[in-house]
Amino acid sequence: MRAVACRDRSVALRRGAGGLLLTLLTALSTLGVVGPAHAATAPCSPDDATACLNVTVTVPGTGPAAGVGLTVAGQGAAPVQVTTDDAGKASVALTAAGDYTVTVDEATLPAGTTLKDPAANPATVTVALGRAAGRIVQVLPPGADGAVEASPTDDTGATATPDDADAAGGEAEAGAEAESSAEASAAPGTNRYAQLLLAGTVFGLLLALASLGANLIYGTTGLSNFAHGELVTLGGMVAFLAVQRAHLPLWLAIILATAAGALLGWFLNRFLFRPLRRRGVGITQQMIVTIGLSLALVSAYLFFFSAQPRPVVSGISQRMQLGPVQISAQSLVSVSIAVAVLALVAFVLARTRTGRATRAVSDNPALAAATGIKVESVISQVWVVSAALASLGGVLLSLYLNTTRFNFGSTLLLLMFAAITLGGLGSPLGAVIGALVIGLVVELSTLVLPNDMRYASALVILILVLLVRPQGILGRAERIG
Amino acid sequence: MDFGQLATNVLTEMLGPTAIAYALAAIGLNIHFGLTGLINMGQAGFMLLGAYGFAISTIQGAPVWLAFLVAVAAAVVFALLLGLPTLKLRGDYLAIVTIAAAEIVRMIGRSTALTEVTGGAEGLTGNSFKATFQDASPFPDDRWTLGPITLATNASNSWWLRIVGWGLVLLACLFVWRLVRSPWGRVLKGIREDEDAVRALGKNVYGYKLQALVLGGIFGALGGVVFVLASSVQADSLGRPVTFNTWTILLLGGAATVLGPVLGSLLFWAALVFVRGFLRGVIPPDTLSVQQIEQIGWVLVGLTLMALIVFRPQGILGDKKELAINAR
Chain H
1 MRAVACRDRS
11 VALRRGAGGL
21 LLTLLTALST
31 LGVVGPAHAA
41 TAPCSPDDAT
51 ACLNVTVTVP
61 GTGPAAGVGL
71 TVAGQGAAPV
81 QVTTDDAGKA
91 SVALTAAGDY
101 TVTVDEATLP
111 AGTTLKDPAA
121 NPATVTVALG
131 RAAGRIVQVL
141 PPGADGAVEA
151 SPTDDTGATA
161 TPDDADAAGG
171 EAEAGAEAES
181 SAEASAAPGT
191 NRYAQLLLAG
201 TVFGLLLALA
211 SLGANLIYGT
221 TGLSNFAHGE
231 LVTLGGMVAF
241 LAVQRAHLPL
251 WLAIILATAA
261 GALLGWFLNR
271 FLFRPLRRRG
281 VGITQQMIVT
291 IGLSLALVSA
301 YLFFFSAQPR
311 PVVSGISQRM
321 QLGPVQISAQ
331 SLVSVSIAVA
341 VLALVAFVLA
351 RTRTGRATRA
361 VSDNPALAAA
371 TGIKVESVIS
381 QVWVVSAALA
391 SLGGVLLSLY
401 LNTTRFNFGS
411 TLLLLMFAAI
421 TLGGLGSPLG
431 AVIGALVIGL
441 VVELSTLVLP
451 NDMRYASALV
461 ILILVLLVRP
471 QGILGRAERI
481 G
Chain P
1 MDFGQLATNV
11 LTEMLGPTAI
21 AYALAAIGLN
31 IHFGLTGLIN
41 MGQAGFMLLG
51 AYGFAISTIQ
61 GAPVWLAFLV
71 AVAAAVVFAL
81 LLGLPTLKLR
91 GDYLAIVTIA
101 AAEIVRMIGR
111 STALTEVTGG
121 AEGLTGNSFK
131 ATFQDASPFP
141 DDRWTLGPIT
151 LATNASNSWW
161 LRIVGWGLVL
171 LACLFVWRLV
181 RSPWGRVLKG
191 IREDEDAVRA
201 LGKNVYGYKL
211 QALVLGGIFG
221 ALGGVVFVLA
231 SSVQADSLGR
241 PVTFNTWTIL
251 LLGGAATVLG
261 PVLGSLLFWA
271 ALVFVRGFLR
281 GVIPPDTLSV
291 QQIEQIGWVL
301 VGLTLMALIV
311 FRPQGILGDK
321 KELAINAR
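If you read the protein sequences in the order shown, they are chains H and P. Reminder that position 440 of the first sequence reads as 440 in this note's numbering, one-by-one numbering, no gaps. Reminder that position 148 of the second sequence reads as 148 in this note's numbering, one-by-one numbering, no gaps.
If you are wondering where the hints come from, they were derived from the structure by calculation, not from laboratory data. Since the structure is predicted, the reported quantities are computational estimates derived from the model, not experimental observations. Glycine residues also receive a C-beta, built at the ideal position from the N, C-alpha and C atoms. There could be a bad hint or two in this list.
[Unchecked claim] Label-pair distances were calculated between CB atoms; the ranges are:
{"#": "1", "chain 1": "H", "residue 1": "E106", "chain 2": "P", "residue 2": "T115", "range": "54 to 60 Å"}
{"#": "2", "chain 1": "P", "residue 1": "D286", "chain 2": "H", "residue 2": "T71", "range": "33 to 39 Å"}
{"#": "3", "chain 1": "P", "residue 1": "T287", "chain 2": "H", "residue 2": "V348", "range": "30 to 36 Å"}
{"#": "4", "chain 1": "H", "residue 1": "R274", "chain 2": "P", "residue 2": "W144", "range": "53 to 59 Å"}
{"#": "5", "chain 1": "H", "residue 1": "R279", "chain 2": "P", "residue 2": "R181", "range": "29 to 35 Å"}
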């Protein structure tokens, strides 16, 4: 995207460098006309005494916006008013270096569009003599989110990537923060600390559900699954399709999403990781395979769902007052499901034959195989259960955050890693405790840190844990190298 | 469809600043992974720090040589911070810590709290820090044409940047070539093959790993500087996918080889631009949008990475016997 913009600008430059005559004309026009109104859409060419300020107004995904009025002022010169041409460009020749302000006349924007970033209007652009300075103004149709053309890749630098649940100011983000900070501090009749504690606990429990699977897989196969975040996204996306497209009830959507996760988990193990283990592919290589898988899946999600937020249910559910805190019925149900499922998994692991077999494989696969446990079938079950848990966690988290997005799971991936590392790699109970701690840290850090750094605080915890107690809270020391 | 134009686009991108930046980053990653066996999943963090170091020091008025030094220093400090606690742990811990640290750098960089320094999520525009580098160019301000490619000599995505960039790549390759043959390089390879054996020989394995991490990080930072000199510093443009692409490039060209990262970068960008341009020419725009076609390209990158590591972990130039990937 940026490459295209650059090319456009250089085309404008080349056109400008076209003739000496034009240069002279432009210079004359700036020297001679000392008055506001002149629509200097004539190309401008920088030379020793002239600087060019090129402004491009575009509607991402649609094309340039023509006829938008701009005012350029600064350095004591009279304000210059220009309008963009058919290519959405306007260019102003300036004779003094320094900072200029570019103001977009919002009344002249194409019908039904607004500035993508109203806070950046007027914007300040620094101009140097002999150079061209450029500014790209993006306008959006109403309701569009801030990140229309984002991709998970690097070459879209000019646009905002919605990589975090706190990306720049889209309305979806406000929604994403609803349960946590915005709601917590705004709601009257609540205690801020208690509300944050509650939000952290809820977030932690849901995160525990999503990350438990990654820990089970690590325990039985030693694999750090970097594609686990995409399994979480899968849950959210399947629920979105079920509720919004197929108009199914939410409880059915949750079951469908969990089933879809289980299916993908079985599929991945059967057709990808089991053959890899058979071939004797090392665990590090398998880890890099999961990275490739994650890249492919996240791009595929972006392909099918675009970068728009995909809320599973529209509308925010009603909040109830419980003592000093408020909680939505939806979150309450989510938490109940999470606790019930976590308890079920704990029971299965502790009390049933399957659970004992799983723990045996986790402990020592060779010894487990020697005692007659079918290691491969245990691993297959673990993959199915893990992916199903991740998917279920994805649906519940997307209900909690009020939205999903193509990269919603990969944003949470590192938090999940932080949770299982903190709790102890390979220890299921540890994953739950770790996730609770991470959830609380994420929410409570907003008391002292800016909101958009709250995920970073969890990652700092991760690094500190590795420094002080690399095996985690419940891990065993022999697991580390 | 216009194959001549497509070929020109492929050639431009293949030799462009992005390919140079990735080649430098992959050379750094090659020192980490190919030579020493360290799994650094945060190369984008090094690149981003280099970019911020260069841009912010230039904005503060530093001359261009000092700005480069600041970029390098930022990478050194970051490598020490990462390496000191984690290099004693097993390999996948380093992977998780580096990826987390790179994300922390990115989140702090895009945070609104630091908008005055880093420009927040909008980043720092190219014009605010490119001038010193462009003024260092010996060429007149002009547009030169070489074959099908016409570019400005100095401004932004220019011949000057390409010359400096490929010069850096050449120097880096020469450096790695000497390094591999030096006693120091042999110790690194020994660590990659069998850490305990090297330790038994009385070498300070920890110290060597730390040196390798710092050195590779420096190349990452230089790559970051080249990356942003063609565009702007924006935290999100140097996120996790950049690291993953760098890995793909390294494994494609061949880890533990001198020219592998460079070949990988050339092929990676040529293939990506070709696939996109070709699909765009073949598929009518009302069937798939431009963004969707771009995503197909990235899905292919992910699948390539998976296929490479399973079927040909030594890449194009590598020697399978030399590169046994072990967890460490």
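Verification of the hints:
{"no.": "1", "hint": "H:E106 / P:T115: 54 to 60 Å", "verdict": "violated (23 Å)"}
{"no.": "2", "hint": "P:D286 / H:T71: 33 to 39 Å", "verdict": "holds (38 Å)"}
{"no.": "3", "hint": "P:T287 / H:V348: 30 to 36 Å", "verdict": "violated (47 Å)"}
{"no.": "4", "hint": "H:R274 / P:W144: 53 to 59 Å", "verdict": "holds (56 Å)"}
{"no.": "5", "hint": "H:R279 / P:R181: 29 to 35 Å", "verdict": "holds (34 Å)"}
Figure legend: structure checked against the earlier numbered hints; hints not met, in rising order: 1 and 3.
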